[in-house]
Every structure is written in structure tokens, then in C-alpha cells.
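Chains as they are written, first to last, in this note's numbering: chain D, 112 to 419; chain E, 112 to 419; chain X, 112 to 419; chain U, 112 to 419; chain L, 112 to 419.
These are computed hints drawn from the structure, not numbers from a lab. Treat each hint with caution, since some may be false.
When chains are identical, the list treats them as one kind, so a pair holds in a single copy or across two.
[Stated by the list, open to error] Heads up, simulated DSS-like pairs for lysine-lysine below, C-alpha to C-alpha not over 25 Å straight-line: (1) Lys219 - Lys330; (2) Lys137 - Lys208; (3) Lys169 - Lys331; (4) Lys325 - Lys299; (5) Lys169 - Lys330; (6) Lys299 - Lys219; (7) Lys169 - Lys392; (8) Lys294 - Lys219; (9) Lys208 - Lys296; (10) Lys169 - Lys299; (11) Lys337 - Lys219; (12) Lys219 - Lys358; (13) Lys141 - Lys362; (14) Lys169 - Lys132; (15) Lys132 - Lys330; (16) Lys296 - Lys412; (17) Lys396 - Lys246; (18) Lys189 - Lys219; (19) Lys392 - Lys296; (20) Lys130 - Lys419; (21) Lys330 - Lys392; (22) Lys130 - Lys208; (23) Lys419 - Lys187; (24) Lys169 - Lys337; (25) Lys141 - Lys294; (26) Lys419 - Lys331; (27) Lys294 - Lys183.
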Amino acid sequence: MKTIQEIKMKYNVPADVVKSKVALYKQNLKEATNGTNHLMLFAGDQKVEHLNNDFYAKGIPLEDNSPEHMFKIASKAKIGVFATQFGLISRYGRDYKNIPYLVKLNSKTNLVPYDAVDPYSKAWLSVGDVVAFAKESGLKIRGVGYTLYLGGANEHEMLTQAASIVHEAHKNGLLAVLWIYPKGKFVKNEHDAHLIAGAAGVGAALGADFIKLKVPYNKKGKFDAKLLREVTVAAGRSGVLCEGGEKIDAKEFLSELYEQIHSGGSRGDGTGRNIHQRPLKEAVKMANAIYAITSENASLKEALKILK
Amino acid sequence: MKTIQEIKMKYNVPADVVKSKVALYKQNLKEATNGTNHLMLFAGDQKVEHLNNDFYAKGIPLEDNSPEHMFKIASKAKIGVFATQFGLISRYGRDYKNIPYLVKLNSKTNLVPYDAVDPYSKAWLSVGDVVAFAKESGLKIRGVGYTLYLGGANEHEMLTQAASIVHEAHKNGLLAVLWIYPKGKFVKNEHDAHLIAGAAGVGAALGADFIKLKVPYNKKGKFDAKLLREVTVAAGRSGVLCEGGEKIDAKEFLSELYEQIHSGGSRGDGTGRNIHQRPLKEAVKMANAIYAITSENASLKEALKILK
Amino acid sequence: MKTIQEIKMKYNVPADVVKSKVALYKQNLKEATNGTNHLMLFAGDQKVEHLNNDFYAKGIPLEDNSPEHMFKIASKAKIGVFATQFGLISRYGRDYKNIPYLVKLNSKTNLVPYDAVDPYSKAWLSVGDVVAFAKESGLKIRGVGYTLYLGGANEHEMLTQAASIVHEAHKNGLLAVLWIYPKGKFVKNEHDAHLIAGAAGVGAALGADFIKLKVPYNKKGKFDAKLLREVTVAAGRSGVLCEGGEKIDAKEFLSELYEQIHSGGSRGDGTGRNIHQRPLKEAVKMANAIYAITSENASLKEALKILK
Amino acid sequence: MKTIQEIKMKYNVPADVVKSKVALYKQNLKEATNGTNHLMLFAGDQKVEHLNNDFYAKGIPLEDNSPEHMFKIASKAKIGVFATQFGLISRYGRDYKNIPYLVKLNSKTNLVPYDAVDPYSKAWLSVGDVVAFAKESGLKIRGVGYTLYLGGANEHEMLTQAASIVHEAHKNGLLAVLWIYPKGKFVKNEHDAHLIAGAAGVGAALGADFIKLKVPYNKKGKFDAKLLREVTVAAGRSGVLCEGGEKIDAKEFLSELYEQIHSGGSRGDGTGRNIHQRPLKEAVKMANAIYAITSENASLKEALKILK
Amino acid sequence: MKTIQEIKMKYNVPADVVKSKVALYKQNLKEATNGTNHLMLFAGDQKVEHLNNDFYAKGIPLEDNSPEHMFKIASKAKIGVFATQFGLISRYGRDYKNIPYLVKLNSKTNLVPYDAVDPYSKAWLSVGDVVAFAKESGLKIRGVGYTLYLGGANEHEMLTQAASIVHEAHKNGLLAVLWIYPKGKFVKNEHDAHLIAGAAGVGAALGADFIKLKVPYNKKGKFDAKLLREVTVAAGRSGVLCEGGEKIDAKEFLSELYEQIHSGGSRGDGTGRNIHQRPLKEAVKMANAIYAITSENASLKEALKILK
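If we strip away everything but chain D, and leave its shape as in the complex, we get (with noise of 0.2 Å):
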């Protein structure tokens, strides 16, 4: 396997990003991963695929609720870009411009179990539509983002539209990030290493800029960062960003990020709960030092000063 080094090396430009977009495309990435091909990517499209479960509970703070909690903690906080529903963008955004966004075009309640109906999340909007938005809003929109579940009987729908949003992505000088989930009754253990490679490289095939994926557990459970190797290299050159997940202690977390990122190959990481399930100021510094581990280099020990 090649080293972490190696597969950064190659990362560049895709094919389809038209000439007159090469400039634009570079930028997106460039100010989204502060220049380091890592992408800290604050999840905040949980208010349809959980409904309120996410914001409203026990253990959650009360300001949590409303949406605009999500928003303060991106404004103030350091981050590569905020990923959330068109609608919220367009609502807050006139008073949210420092945010750096990412449009998640597509998104579906929990209400159904997956191995009741195949799951189908369609895209809500076009990429036109956000180019236009983009343009006319004057909003830093970064790139687009798309769930695309396999193994279902809508797979065919979800790879049509997930390569085409790709396309139009980068033909728009836009990232692309898939998030990426075998999902149904074929799929017996969705934490299956070779199984979340396999998902890597559909991503790959699809031309996706990142991937977000589940991360690979062992036989006991835990999450292994050698595991992550197979999923990370079978990606090519889309970067592998690992799944946030349910809060959990912050320590742990960054620790297991850290290890993601350098052990594994990973090149960032999808987070929500783990941050807007905290106070402003917490969620803040949550923020801040998922951020300086995936897009500054920072050590797991920075990291943990910064939560302080």
C-alpha cells in the first residue's frame, strides 16, 4: 500500500472541471481544506434524516432546537464547510455570510426502516439551481452534497443522480461530496471493512471529491484504524472522510480522529452531533479542534488544548 503521502501527492484537478472553472474549483477546495486536501465537514442535515431526535432530548442543551444554533456555532467557529438543506441556507444565510457552505441536495426522514421499504433520497434541487443561488445571494457555497444508498431497489436512480451531480459539480468549479451507505435487507453488517471499501470505490468510480463513509469496526466492535487502510486506498483519489456519529466524550473522539486521519488514510471527517450537541461556546471549541487535527496539521495534544 502506498503511503498516506503517496495518495495525497496525486490529488488534483478532475477531468470534467472545465477549463473555465479550473480557477474556481481550486479555490473551493483550497479555502474548504485551509490547502490541505483535508476536509472538515460540519453535518448539520439532521433535522430531516432524524427529525428532532438529534435536537431535542435529554442531555441535549435547549438552544440545540432551534436551527439557528447550527449556524452560530459555523459562523464562529472554524470549520471547512457547513453542510445543510438548501432551505435553512436560504433563510439564515442573508445573516450567516462568513459561513463557507455545502448544499446537501438530497435527505429523508427515519420514519420508514430501511428493511421495510428500500430507502430512495432524492435530490431536492438541481446543481443549476444552487449555481444560480450562489451567484445571486453572493453566499460562499462551496460544493453540493448527495446520500446515496446501495443495495436497494432504487439503486439505479441514486447512481444515475449521483454521478450527475458530480458532473455538474465540477463542470460548475464546485466540490462534490457523496455520502455514501449500503443499506437494506442484503446488508448484514454496515461497519463490515470490506464492505465500506467496497462503497469507497463506488464513490471513486462515481468521481466523487469526497466520500463520507462509516467507519470499519473489528470483530469486538471498536473502531480500527488498520482496517480503514483497505477502504482509504481502495477510494483513489476521492478522500475518505469518516462519519461523526453519536456524541460521544470529546477526547475519545479527537483521539480516534487523529488515528483515522494518520494511521488510517483518511482525509477528514463528517461531524454533527458531536459538536452542535453542545453549549455554543463548547461546540465552538469542538469545532476548533476538529479542525486544527483534519485541516492543520495540528497533534492530538494541540487539539486538546484548544478545548480548554
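Take the given structure of chain D and dock chains E, X, U and L to it, following the hints.
Frame of chain D, contents of chains E, X, U and L only:
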């Protein structure tokens, strides 16, 4: 949690209203809400949604059987908008030019139970059709409406249509109101506050100006304004309209409405049967009383005086 | 309830008829209804709807087996419009230029029972195709027709098509007639007055000019004009056309028709088998008698005289 | 019933052939039918419909396994049109420019039984594609063909495609031939005359120039020309082509064909296997004999002489 | 049956290649086949089709886990075309400009068994996207590929896409390769020669330049070149490419390939795992040996010498 005042102050023009339509959007919002950001929506889409059940039955005045009854009320009473289907507006509009309309873009009948076939209600016409019609006819069309069912096999199609309708409305300076109802065999309790708050969050993520929702019940099956706070905060800058539901005693109705707004943080109501299932004069008074509470900041006492 | 006269007086040009087509719309309505707003529709779409059952069987004259039989009747008799499929109009139109046509845009066969598969009948061609054809061919096309089944898995598609067809027709100055039938396993009694009134309300909400409906039966399974009043009032400004149904005794048919209009408030009829399942001369007389009652304000006695 | 002569005389240009294409339509019809309005259609779409069963089996000459066998026959024999898929015409057309072609727009394989999944055969390309191809290639394309299955869950899609294809063909001066077969679990007897007459009526309502149908059987399971009369009259001005079916004795085939036309009122035939499942020379003679009866008004005796 | 030479001689430019693109089409065909009309296709679409199974497992060199391994092989070896997904070409193309590419337009994962849900693999992008990309990027794109599954509920959609893709490719001077596999619960034996010949005929009817097919087995489950003759003749002027399948012994592979072409009449091969599941140098030699037999008319002995 924020106070109601704080939430209201944040309200402003969404970023996807294009520059050339900002003035029109502001005018539509101001006129529809009497400058209060609180909307009294007279709901008149039941000819399809409930077939003839709401218009011809024991206890309903005979005059309600004719669609014109609603136009007469809407024409003589103070209302925010009269929401009904395009075809009815088209057939009566020339004779009722003073009514402020909201075109309800989709509707389905109640013939098929929600748990037998996953509900799907598709937009009958496009926002572009409505915009062209408004221009051609000179009618006062303030916005468009769309019902979205969460939780079934067609959720993805309806989310996509809803997102597109909100965006197209904003691009044309129109208000967008979403009716959002979780439905189907995976929804156990439609009046659960946490579930309704989830639906509110979906509406916010879709960028709706107003979201019409069921009201939350406590364990005794009664409306509880405290529970409504989770919902109205989760809705962010989208205003929550409480569903009027079946006809009840006028005083009880107005009292609950007052509580919804002043304790629960709702930003209005969508009321149909509690208005049109009365003889014309009585219906006009009831509409005026509802409007007083919603959009004229009247006290309950003042509103009750109107009924006399 | 209003008197029939009141309802009729309200009738006027729908607001979605664009200014440049108002004169054409008025002309189409006037000529199709002989200036009475009552439409005699000669229904000739059964070649598809019932395959050859209505045209070749014991008791049906052999000449009815050829599609031309209907064109001969429509050409020689007084009728409002002859409703049939585009292909037949295309093949016989050059030889029957005097007939006023209504293009029935959709049709399905009767091979699959309604309770086995939810029925779906899709428009074969667009209103734009019809408009271009009318211009190119010079044929007198007064309007378009569409059958809508309520109550099944495809209701949403058909509602959307119906709304679009009515709107496109109006934009082009054409009349729009909807055939509306609740169908499928959740419909227990197709002749229930309250259900038919619901269908009438759907037609009104779709903006139809005329709505062809089943006739309501009382508990003894007989037509009852009093029950029809709920239906015709619920239809608002859209005129109700009563379905002709299976061939019955001519006198009985005309007597029932007279009652439908004068006691029930219907605005016409859609009759096929009771006309074309007779030899040419007899069929022409029957059509003339129906036309006399519907669009010439004839008494029953006058109409019966025509048959002789 | 009319005599065959009466029916034929009525035949003329459909009203949806636009003025500028009337001459081309007449030319296509005249050349395809040798001026007789009777069409000999050499059916060569079985490579898809029956996979390799009709081309490689015991009793079939080895040369029939190559698609070129059919082109050689079509090139050397007298035929009305050679109906086959676009791809084959595209690959062999440059070498067989003298053949009059009819592009069969849809086809399906026989892998799935008709009663297991409701059949759906979708148009591969549009009439516009064919028109552009004819112009670009200079090939003699006289028309297009489409198979329509009645009686299943996809009937509505196929009816809509058929109507559109016929109309587009006429607008471009091309002939339109429909293959119409009731299929699926609700069809008990595909050779029932009344059912086939129903299919003929559907073809007439769609405006087809010719309709390829199964032949009716009597109670003993034998073709009966008298039964065919219901079918050919019900088809109106659309000509009925009888299906050739499995290869049988040449004399028997020609005798039945003669009866179909002269007693049954058919206007031609669609024959594949009875031609191409013979060595080239024999196949050419058989095609010529069929053509003689269909489009040269030959007697059976004259036709049989050609075989020698 | 014809000799291979006869079949080859017939090969020429399909009639749907427009005049202005004939030279480009000829160039693409000549360069892809080394002027022999025999195509060596290096198949690299398994990242999606088989997820990571073909790239990371016991017995596969670690370097195969990175998508770049295939690009290195394709760049250093003699090949006809390298067939892979658009996204991979987009990400690696700028660094591997010398590779002749074929864009595989559709792909699906192997998560759902073929007999559980009828397979449907939809085109990710259009031929127009590929044409614009080729022009913009300057990459050598010789053609497009599409996998077609026969025998399921989605067959009609895939046939239509396949026909459209072949036609669009030809209109733009590109080669069109179809992978055709009968699948699903009605297919008992995928290696049956008669069934594969049927699939070949479908490819011919679709106008494909090359058709990738399974190889026929005899009753003992072994490849038999004699059986292949039915297939290659049934394919007409479309060239049959034999599927490479699982990695086997190099000598055995080359020997079988030689037989396929020289006894079976195939016009090339589609090989993936038998090439890329080897270390780079070995893989390059294997590709060169395959190319020698396929497109350089080498003897088996000459080819084997290359391996050393």
C-alpha cells in the same frame, strides 16, 4: 428557549428571493399578515381532501354545499389568504377579485386509507402556471401551498416537489406554505409533540414561509401549549400554523388559538371547517374573530366581542 | 339550495382563459350548448373502453360494428359535441367536416377488473397536439375530454393530468369535460349520491366546464332526481352531465333525462349506447330528441314527438 | 355489413397528415401496397421477440441463423415492407438500399412469461429519430411499427406511446402499423374473434394505417374467415393484417391467406417464419407468392404457380 | 455457416453514423482494433459491479486495491480500449492521456441477488456528456459501453436505453459496446449456447458494434468453441466479445481465447480480472499477450512467448 418576540424579530426575506422580487415578496408577506408576520389562512381545499363530507351533512347549513359559500365568506370577512385549488379560483375569481388567494397546488381524496396505500399527492400545476395566471387574470395571488406526507414510499417525490415549489415561489416573490403530515403504518401517534417538531424541522429545511401542522396533544389527548414550544422553536424562521380541525364551539376554538400563539409560539392558523360550516353571517364573524387574534394582536375578549 | 336558474346565471368564462382566447371560448361554449349552457354530448369512446361489446352483439344492428356508424349519426343529427378518440377523428374527419368534435384524450380497455389493478388511463396526446391538429385540419374541435378515476394508487397522476388538461384547454379557448368515477376496492357503491357529489366537487376544484358522472340511486337502486341536487350544487359552476349508461327504452330514457335537468339541476348528458345501438335513422331521431330536451328547452312531449 | 370493396373505397389520407406531407404519405402508401391498399409485410423482428428460436433449430436451414438471410430475401423478393429493428437496418442498410423498410420501434424478449409479469415493450427510438435517419441515410423507410399489449398494468403507457407514434408518423408522411395483442392473466383465449375485434377497434381509435392481429379460431381451434368479418369491419378504415404465425405447408398458408383477404376482408398479412425459415431461393418464391395474393390481386392458382 | 473471413469482410460503417462523423468512426474502429476489426477490451468496471471483491482478497496483489493500478496497466500495455466508469477517467485522465478509453455508462453493485429483485442498471450520464467531455478534456475516448439485462421487469427500460446509446454513439462517431446478460428467475442456465445466441441477436437488433457475452458451455460445464459458432453467426455484423471471467492460469486463458476467435468466430474479448489481479509487470505482459492474439493475429505460441 427564546421568547416569541426574539423569534419573530429574526424573520426576514429568504436569500432565494431574487433581488427583483424582494419588494413583491415583502408586500405579499405584509399584506397577508397585516404586517405582523402572523398568518390567518382560510383553508378551503376540502372539496378534494374530504370529498363532500365537510359540506353536506347533518349540522352543516345547506348553503355550504355550493363552493361559492367559501368565496362569499372570503370576500366579506377579514382573512390573510384563502387557500383553495386553482380550478375553483379560476371559475369564481372574476367575481371575487378582492379576495387574497393562496393556490393549493396539490390535493388527494380520502378514498384510500393512509395505511392501505402510502399517500402521494402530486402538484396539479406548476408555480410557473400560477405566476402566469396571476399576471393574466389580475387576481391577488399571495402564494402557493403544498401538502407533504412524510413516512411512506413516496416521501422522496414529495420532498423534491416541496423543495422545488418553495424555491420557485420565492424566485417569483410569492409566499410558500407547506402542510406537513407524517402518515402511514410507521406513524403511531400523529399528535405526538416530538414527531410534529420533526415535521416542523423538515419544513424549515425546505425553506417554507409557513408550515401547517397538527397540534400536539398531551397524554390525555388534549392540546397543550407548552408542548407546542418544542415545535415552534424547531421550525426556526418558518412560521407554524396550527391546524383548525373539526368544527368545535367558537369560544373554545378562539381560546385555544390565543394560547397557541401567545404561549405556544405559533405564527398563525389554518382554519376551514370552523369557519365555512356556519351560515354566511356567522361565518364572517368567526373569520373576523380569528383574524383579530392572529393578525391584529387582539385579546381573547376583544375577539369574542366580534362574534356577537 | 339555489334554484337551477341561479346556478346557471353565475356561469361565465373561467379566469384562466387568456384574453386573446375569450371570444373563441365563448363561441365554443355557445355553439356546443346552443346558447343554453346545457351540453348534449354524444359519447363515442367505447371502442376502447368496452372493446367490441357495445358494437357487435345480439340486439345491436350490424351497422354499428363499423366506427363510421357513429360518424353518420353525428353528421346527420343535432348534437352538442361528438366525443371520441383522436385516431377515429383523424381517419373520418375529412369526410365529416360538419361534426362538432370533442377529442377524448384518454381511454383504457375493460380487460383488467377495477378491483384487480388500480385503473390508470393516461392521456394519449396533449392539448397542444389537438390545438395544432384543429388548426391544420380545419375540423370543428370544441373541446377535449379526460376520464379520471378517483380512489386508487394512480389517483395522483390522473388528478395532475386532469388539472393540466383543463388549464391547457382554457388557455387555448377550448372546453374541458371530465369523466369522473371513483373506482377500486375502497369504493363500495358507485351510485351513492354523497360519493358522486364528492366526485362533482373534485371536478369543480379542477375547473372543469362539464363533469360526466354516474347518476345517484336511492336505496331501491333507482335513479332519484332529488338525490341529484346534492351533486349538481356541489359541482358549483361546473355543469353536471349524467351518464347515459346501457341502452334502455327510448321513452324511459328521455323521461329520466328531463327529470335530471329540470328537477336534479344537471346541465346535460353524455349518451352513447342509447343512440348508436340503433339503426341510423332511429339513432338520428333519438339524438335529436335528446338534444331537444338538453339544449332546446323542449318539453318531454315535444321530445317524444321527434322519435316518431 | 359492407362489402370489402365499400370498405376499401373509403380509405384515404388521415386528417393528421399535415398538408406538406400528404404527397409523401400517398407515395409511401401506394408503393408499399402496390396501389392496392393491401400490405404484404415481411416480419423480421423475431431476433428479439423470440430470441434465436426462430433462426436456429432442427428443420430451419443454417443460413437463417445470420440476420443477413432476411435482408437477402427482402432484397430479391417482391415485398410491401420489411419490418425489423433499427439496429439491423442500420448495420445492413448501406448494402441493401433497394429494400422498402418499416422500422419496428419496440420489441421485447420472450424470457418472462406473459402471465408472470404484465408485458411492457417500450419504443426504442422516436419517430423523429427515424425521420432524421431516413433523410441522412437515403434509405427507403415507408413507415414505423409498434407492438401494443392490451390488458395489463402497463396498458396505459403503451396506448399513449402507440397514439403518439401513429400521430408523429402521420405528421411526417409515414405509415403507422400497430401489432395489437391482448395478453396477461385476464385474457383467456387470444384467438377469440370478439376479443380480436376489440383489439381492431382499439387500433382504429388510435388511427393506425394497418393493424396486425391474431387470426380468429372457431370452436374447433381452426381459422374461420367468417369470424374475421367482425374484426375487419370493427377496424374501420384501418387495414387488418393477419399474423403469419408458425411455419406451415406453403400451399395451406397461401390458401388461408387468400381466404382472409377475399372472404374475411383483411387488407394484408404480416409474415415472417413462413418466409425466412426456408433456403434463400425457396423463401424468395414464397414471398413473391404471398405478395401476388396480397398486393397483385392474384388468384390462388396463380400464386401457387410462383412457388414452382 | 460462413467462414470468419466472410463475416469480417461484411463489416462496415453502420448507416446511422452521420456523414460528417464517418471518418471519426472509422478512425475509432481502426485504432481500437489495430485495423483488424477485433477488439481487445480491458474491462475495469468491477469497482462497482463487484464492489471490492476483485481488488482486495487473498491471492490478489495489494497494489490492485488502488484504482490507479488499472490505469498504470492500461497506460503501459497494448490494449484496444480501457473500459471503466466516467468518474475514474475524470480523476485519473489528466495523468494518463495516452490510454484509449471506453466510458462504461452504467453499473450496479452486487448487493442484491439477481433473483431477489429484477436487476436494473441505468446510464449514469448521457452520450452527449461523454462527447462534450472528450472535446473539453482532449482524452482519447473511442466509445461507450452499456450493460443490458434481459428477462426482468425492467427489460424495456434497458432495451430503450441501449438502443438510444448505440444510436447516439454512432451519430457522434463513437463505438458502442453492449454487455448483454439474460438474468433473473426465468433464466435457468446463463451458459446455454442457444440463450447466448439469443442475446447476440438482441445486440445485433440494437445495432451494437461489439457485444460482450458469456461463453457457452457444453453439458460438462466446459467452454466449447463449436457451440460459439451459433452465437457469432447470430450476432450478424456485431462482433462478439467473450467474457474473461474469473482469473485462471494464463496459458489456459490464452489458449481458450485463441480458440474463441479462430474456431468460434468471436471478434475479441473483454478481460478484467485475468489482467489486473497480477502485479504490474506481469499484468502488462498478460495484456500484451491477449492483445497479440486478438488484434495482432498472433499464434498461441507467439502470445505465450510474450508472457516470459
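Quick rundown of the hints versus the structure:
Within a single copy, Lys219 and Lys330 get their C-alpha atoms no closer than 31 Å, and across copies no closer than 29 Å, so neither meets the 25 Å cut-off. Proximity of Lys137 to Lys208 under the C-alpha cut-off of 25 Å is found in both arrangements, the shortest distances being 21 Å within a copy and 21 Å between copies. For the homomeric pair Lys169 and Lys331, the shortest alpha-carbon distance between copies (22 Å) is at most 25 Å, but the shortest distance inside one copy (29 Å) is not. Proximity of Lys325 to Lys299 under the C-alpha cut-off of 25 Å is restricted to the intra-copy arrangement: shortest distance 14 Å within a copy versus 30 Å between copies.
In the homo-oligomer, the alpha carbons of Lys169 and Lys330 lie at most 25 Å apart only across protomers (19 Å), although the nearest pairing inside one protomer, at 31 Å, exceeds that limit. In this assembly of identical chains, Lys299 and Lys219 lie within 25 Å of each other by CA distance both inside one copy and across copies; the values are 22 Å within and 19 Å between. Taking the shortest Cα distances, Lys169 and Lys392 sit within 25 Å of each other inside one copy (19 Å), while across copies they are farther apart (50 Å). Taking CA atoms no more than 25 Å apart as the test, Lys294 paired with Lys219 passes in both settings, with 14 Å inside one copy and 14 Å between copies.
In this assembly of identical chains, the alpha carbons of Lys208 and Lys296 never lie at most 25 Å apart, being 43 Å within a copy and 42 Å across copies at closest. Taking the shortest Cα distances, Lys169 and Lys299 sit within 25 Å of each other only across copies (22 Å), while inside one copy they are farther apart (31 Å). Taking the shortest Cα distances, Lys337 and Lys219 never come within 25 Å of each other, neither inside one copy (32 Å) nor across copies (28 Å). Taking the closest pair of Cα atoms, Lys219 and Lys358 come within 25 Å of each other only inside a single copy of the chain (21 Å); across copies the shortest separation is 34 Å, beyond that limit.
Proximity of Lys141 and Lys362 under a CA criterion of 25 Å is satisfied in neither setting, with 28 Å inside one chain copy and 50 Å between copies. In this homomeric assembly, Lys169 and Lys132 never come within 25 Å of each other (Cα to Cα): the closest approach is 47 Å inside a single copy and 43 Å across copies. Taking identical chains as interchangeable, the C-alpha atoms of Lys132 and Lys330 are never at most 25 Å apart, the minima being 46 Å within one chain and 58 Å between chains. In this assembly of identical chains, Lys296 and Lys412 lie within 25 Å of each other by CA distance neither inside one copy nor across copies; the values are 42 Å within and 50 Å between.
In this assembly of identical chains, Lys396 and Lys246 lie within 25 Å of each other by CA distance neither inside one copy nor across copies; the values are 32 Å within and 48 Å between. Taking CA atoms no more than 25 Å apart as the test, Lys189 paired with Lys219 passes in neither setting, with 28 Å inside one copy and 38 Å between copies. When the C-alpha separation of Lys392 and Lys296 is checked against a cutoff of 25 Å, the pair qualifies neither within a copy, at 42 Å, nor between copies, at 41 Å. For a Cα distance limit of 25 Å, the shortest separation of Lys130 from Lys419 qualifies neither inside one copy, at 46 Å, nor across copies, at 44 Å.
In this assembly of identical chains, the alpha carbons of Lys330 and Lys392 never lie at most 25 Å apart, being 37 Å within a copy and 36 Å across copies at closest. In this homomeric assembly, Lys130 and Lys208 come within 25 Å of each other (Cα to Cα) only across copies, at 16 Å, whereas the closest approach inside a single copy is 28 Å. Only within a single protomer do Lys419 and Lys187 lie at most 25 Å apart by alpha-carbon distance; the minimum there is 16 Å, versus 54 Å between protomers. Taking the shortest Cα distances, Lys169 and Lys337 sit within 25 Å of each other only across copies (17 Å), while inside one copy they are farther apart (35 Å).
In this assembly of identical chains, the alpha carbons of Lys141 and Lys294 never lie at most 25 Å apart, being 33 Å within a copy and 44 Å across copies at closest. Proximity of Lys419 and Lys331 under a CA criterion of 25 Å is satisfied in neither setting, with 32 Å inside one chain copy and 46 Å between copies. Taking the shortest Cα distances, Lys294 and Lys183 never come within 25 Å of each other, neither inside one copy (33 Å) nor across copies (33 Å).
Going through the hint list in order, the structure does not satisfy hints 1, 9, 11, 13, 14, 15, 16, 17, 18, 19, 20, 21, 25, 26, 27.
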